[in-house]
Amino acid sequence: MRSGPITCWNNLLIPEQMLESIDMSLVDWSRGQFALTAMFHWIFVPLTLGLSFIVAFMHTIYVRTGDEEWKQTTKFWMKLFGINFAIGVATGIILEFEFGTNWSNYSWFVGDIFGAPLAIEGILAFFLESTFIAVMFFGWNKVSKRFHLLASWLTAFGASLSAVWILVANAWMQHPVGTVFNPETARNEMISFWDVIFSEVAVNKFLHTISSSFLLASIFVIGVSAWFLLRKREVLFARRSTVIASVFGVITAIATIVTGDSSARIVAREQPMKFAAMEALYEGQTHAPLVAIGAVRTDTSSSSYSREDFIFKIEIPNALSYMVFLTPSGFVPGISDLVFGNEEEGYISYEERIERGAVAIQTLKDLKKAKDRGDEQSYNTLREKFNDPVWLDQYYQHFGFGYYKGRELKELIPNVKLSFYSFHVMVILGGHFLIFTIVALWLSLKNRWGNHRWLLWVALLTLPMPWIASQAGWVVAELGRQPWVVYELMPTIAAVTRLKPVAVQITFWIFLLTFTLLFIAEIRIMLSQIKKGPGGK
Amino acid sequence: MFGNLSLLELQQYWYVIVSLLGSILVFLFFVQGGQTFIFKIGKSEAERTIIVNSLGRKWEFTFTTLVTFGGAFFASFPLFYATSFGGAYWVWMAILFAFVIQAVSYEFRTKASNFLGQRTYENFLFINGLLGTFLVGVAVATFFSGSRFSLNEMNNVIWATGAHGLEAALNPFNLSLGLTVFFLARVLGLLYFMKTIDNRNIIDRSRKALKNNALPFVVFFLIFAVWLMLRKGFAVNPNTAEVFMEPYKYLHNLLAMPAVMVMFLAGVLAVLGGIALGLLRYGGNGIWFAGPGTILVVFSLFMLAGFNNTAFYPSAYDLQSSLTIQNSSSSHYTLVAMSWVSLFIPFVLAYIIFAWRALNKKKIDEKEMQEEHHVY
Numbered sequence: 004m005r006s007g008p009i010t011c012w013n014n015l016l017i018p019e020q021m022l023e024s025i026d027m028s029l030v031d032w033s034r035g036q037f038a039l040t041a042m043f044h045w046i047f048v049p050l051t052l053g054l055s056f057i058v059a060f061m062h063t064i065y066v067r068t069g070d071e072e073w074k075q076t077t078k079f080w081m082k083l084f085g086i087n088f089a090i091g092v093a094t095g096i097i098l099e100f101e102f103g104t105n106w107s108n109y110s111w112f113v114g115d116i117f118g119a120p121l122a123i124e125g126i127l128a129f130f131l132e133s134t135f136i137a138v139m140f141f142g143w144n145k146v147s148k149r150f151h152l153l154a155s156w157l158t159a160f161g162a163s164l165s166a167v168w169i170l171v172a173n174a175w176m177q178h179p180v181g182t183v184f185n186p187e188t189a190r191n192e193m194i195s196f197w198d199v200i201f202s203e204v205a206v207n208k209f210l211h212t213i214s215s216s217f218l219l220a221s222i223f224v225i226g227v228s229a230w231f232l233l234r235k236r237e238v239l240f241a242r243r244s245t246v247i248a249s250v251f252g253v254i255t256a257i258a259t260i261v262t263g264d265s266s267a268r269i270v271a272r273e274q275p276m277k278f279a280a281m282e283a284l285y286e287g288q289t290h291a292p293l294v295a296i297g298a299v300r301t302d303t304s305s306s307s308y309s310r311e312d313f314i315f316k317i318e319i320p321n322a323l324s325y326m327v328f329l330t331p332s333g334f335v336p337g338i339s340d341l342v343f344g345n346e347e348e349g350y351i352s353y354e355e356r357i358e359r360g361a362v363a364i365q366t367l368k369d370l371k372k373a374k375d376r377g378d379e380q381s382y383n384t385l386r387e388k389f390n391d392p393v394w395l396d397q398y399y400q401h402f403g404f405g406y407y408k409g410r411e412l413k414e415l416i417p418n419v420k421l422s423f424y425s426f427h428v429m430v431i432l433g434g435h436f437l438i439f440t441i442v443a444l445w446l447s448l449k450n451r452w453g454n455h456r457w458l459l460w461v462a463l464l465t466l467p468m469p470w471i472a473s474q475a476g477w478v479v480a481e482l483g484r485q486p487w488v489v490y491e492l493m494p495t496i497a498a499v500t501r502l503k504p505v506a507v508q509i510t511f512w513i514f515l516l517t518f519t520l521l522f523i524a525e526i527r528i529m530l531s532q533i534k535k536g537p538g539g540k
Numbered sequence: 183m184f185g186n187l188s189l190l191e192l193q194q195y196w197y198v199i200v201s202l203l204g205s206i207l208v209f210l211f212f213v214q215g216g217q218t219f220i221f222k223i224g225k226s227e228a229e230r231t232i233i234v235n236s237l238g239r240k241w242e243f244t245f246t247t248l249v250t251f252g253g254a255f256f257a258s259f260p261l262f263y264a265t266s267f268g269g270a271y272w273v274w275m276a277i278l279f280a281f282v283i284q285a286v287s288y289e290f291r292t293k294a295s296n297f298l299g300q301r302t303y304e305n306f307l308f309i310n311g312l313l314g315t316f317l318v319g320v321a322v323a324t325f326f327s328g329s330r331f332s333l334n335e336m337n338n339v340i341w342a343t344g345a346h347g348l349e350a351a352l353n354p355f356n357l358s359l360g361l362t363v364f365f366l367a368r369v370l371g372l373l374y375f376m377k378t379i380d381n382r383n384i385i386d387r388s389r390k391a392l393k394n395n396a397l398p399f400v401v402f403f404l405i406f407a408v409w410l411m412l413r414k415g416f417a418v419n420p421n422t423a424e425v426f427m428e429p430y431k432y433l434h435n436l437l438a439m440p441a442v443m444v445m446f447l448a449g450v451l452a453v454l455g456g457i458a459l460g461l462l463r464y465g466g467n468g469i470w471f472a473g474p475g476t477i478l479v480v481f482s483l484f485m486l487a488g489f490n491n492t493a494f495y496p497s498a499y500d501l502q503s504s505l506t507i508q509n510s511s512s513s514h515y516t517l518v519a520m521s522w523v524s525l526f527i528p529f530v531l532a533y534i535i536f537a538w539r540a541l542n543k544k545k546i547d548e549k550e551m552q553e554e555h556h557v558y
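Line by line, the protein sequences are chains R and B. Residue numbers for the first sequence, in the numbering used here: 4 to 540. Residue numbers for the second sequence, in the numbering used here: 183 to 558.
Take a look, some chain R residues computed to stay more than 10 Å from chain B by CB distance:
id: 1; residue: VAL30
id: 2; residue: ILE64
id: 3; residue: ARG67
id: 4; residue: PHE160
id: 5; residue: ASN383
id: 6; residue: PRO392
id: 7; residue: LEU446
With a straight-line cut-off of 20 Å between C-alpha atoms, the simulated SDA-like cross-links for lysine to any residue are:
id: 8; chain 1: B; residue 1: LYS544; chain 2: R; residue 2: TRP143
id: 9; chain 1: R; residue 1: LYS534; chain 2: B; residue 2: THR292
id: 10; chain 1: R; residue 1: LYS145; chain 2: B; residue 2: LEU541
id: 11; chain 1: R; residue 1: LYS145; chain 2: B; residue 2: ALA540
id: 12; chain 1: R; residue 1: LYS145; chain 2: B; residue 2: LYS549
id: 13; chain 1: R; residue 1: LYS74; chain 2: B; residue 2: HIS556
id: 14; chain 1: R; residue 1: LYS371; chain 2: B; residue 2: SER332
id: 15; chain 1: R; residue 1: LYS534; chain 2: B; residue 2: HIS556
id: 16; chain 1: R; residue 1: LYS503; chain 2: B; residue 2: ALA276
id: 17; chain 1: R; residue 1: LYS535; chain 2: B; residue 2: HIS555
id: 18; chain 1: R; residue 1: LYS535; chain 2: B; residue 2: GLU554
No lab work stands behind these hints: they were computed from the structure. Glycine included, each C-beta is placed from N, C-alpha and C at the ideal position.
Work out the full structure, taking the sequences as your base and the hints as a guide.
Written out as structure tokens, the structure reads:
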């Protein structure tokens, strides 16, 4: 029986009770289902985010000049935007529900933080987007020109605003700040909304995500326009579109690289294990080199966990240390330093952290027992610990590690190969995008874009690449975060809803089939609309 | 302003907001109800296009309201979100699926090379209208009939049936609300057609269909309402927080909260009045009565479920695991932060109404469908 308001004992997951009984295939299928939905969703979202602004720019030029050609251009891209938007919405609603259906323990644990941004997103952003998108599409002959243009801009802002809140929530999972653990409710509770939304991780994540999405849309517009130029169709439309997109592209490519660079620095500081995995760095060092290109091989012989070894690599000396600390003498910890500890550099071993985390969990259990017994004195003593900054730093900080008592250390290391390759693919493609957009802009301004057919082919081949880079970025962010759903506080295995694995398997296959069909439909519709061109209805 | 409110007051404030969103959602189900008439009322291709387009300009409001309803529930009562969504897995997944296929259907329906064919997308809209409304009704009915779950000492949900929520759809009481919502949505859809479409055939067929759908709606609603008043309810002892069964609990709640009773009765009259207006007169103002009436009735049902010491998400399997407004909410700080944001709601409503009116100045007819650039 419960007494008084919120005295729920939730998610006080006790390792020996809970985690042994957890079916790993349930965790894997649940993760698979979430990854499937998220990755499908992310095919459409960045294009929506970027294209909405490109459409708004074009619409503005039309309203200012009254040039019918600009109207056709605006309408063409708006149509592609609409097709893409619909399927983004379809995949988006699942993500929201899946937090509850498949990650219910997590939903309770983070609900106090995560819920608020989500509600704000609904009230402020989604309605802005969905109301004005209707005006944008249907308003051509129904509302005044100025109100119609305003609707285009509000749709674009609404779309980006939607992204703010969900990224704030994600940032909090990577780096939980602005909250305090309440042992009464056994969950984290928010104490500073501003710390949550303006945390460095959140701001950087938003800027990097949004700028890379704008870049993706720019490259899409340049690529599609290149197709028209190659066929010598709609030349004016294609050139104009390319100018707009390449201006937007250069600016956002620079922004993407700058925010990506600071993102790496933040990850290195806040999530050193993720960072080490991104670089496949096992032994920490000062003057650490940056692996520019490399191929890794798994080596299982050398230690208690498998290690990745390089078959070959090209390194930039000192670059990694410089990237993180802005000085070559900075010490970048490797996976071994983190797992086995490095006293000299101040890293506590995982074994020790597991012990301390277990103490924090045990304290919580004792607290509950004291409460059930009605033993007020011990209850108050234990309760006091959760207000003691020294104890919190010594023990609670390692709370999540306590779940791994009796489990293997290697479970605490993310997938190194996948992190390494995803990170490097993203970075290399980012460099390509910068050069590509600069060339496109330069030639466009000289009115020579389209003169070199091979460059148009490059544009066409570049078209799908930002999707690869963007997905790879999320793979780094989310797989590199493993095994945590909330960094070092809540492991993924503790977050999952206790369902039969077969239930999740069934929904996984249903969603995969549905998404695949809808994706094929979307691509075919897009292609046929593009072929029709701005003149066709 | 909000910081001075007690936790209980904030919990009640947010329960009211969530209830309001839920009530508006049921009103906006006119889109879903209308979708079930694409084939029945649209006999020619041109008529179907008119119907789909009249709904297509509004579907995003319903969809967004659903998403916001979910988000606001998550934010204010995370334990409900975790318990119900994680536990009644199949019901929520089925609802979800019904809305996934809706989202693409308007945009893809008449586009060239749409792969699955126009008919498939129209069927998707039909399925959405059927399943979406019915299952949401069933899910909300469990607020009164209870579900079969327990929360362990860590408050992780353990569902007592392997059906994971599907069992709710076999309970006759839940069925009565599910069918009520389904037929209500159809009635609202028909009244919406009468208001926004200028086409003799569609209007005539809509009025005929209104007669056939108003009757089952009234019958199922009466079954549900009478049953609700007579059944035992999940009461909470305000001193010990103990949950126990109380005979005529929801009738007691209605009598204990006269304002809710007034809203409920006014809402019922408005819905019936709206239907009568649709049946008796050719003009289309029935929706202006039936719509607000729906909001009032659904809102008062949520009040009956959660206020006056009642467990709003009860467990019939383990009474003490039942969720109340008090034991399932976010913290004081979070509710205060969210409450500031809630001040934007009137502003959001204002621009929605403004945009809605701007696009609906003129009734939809065949001519517009031929001239309009953006047609679904």
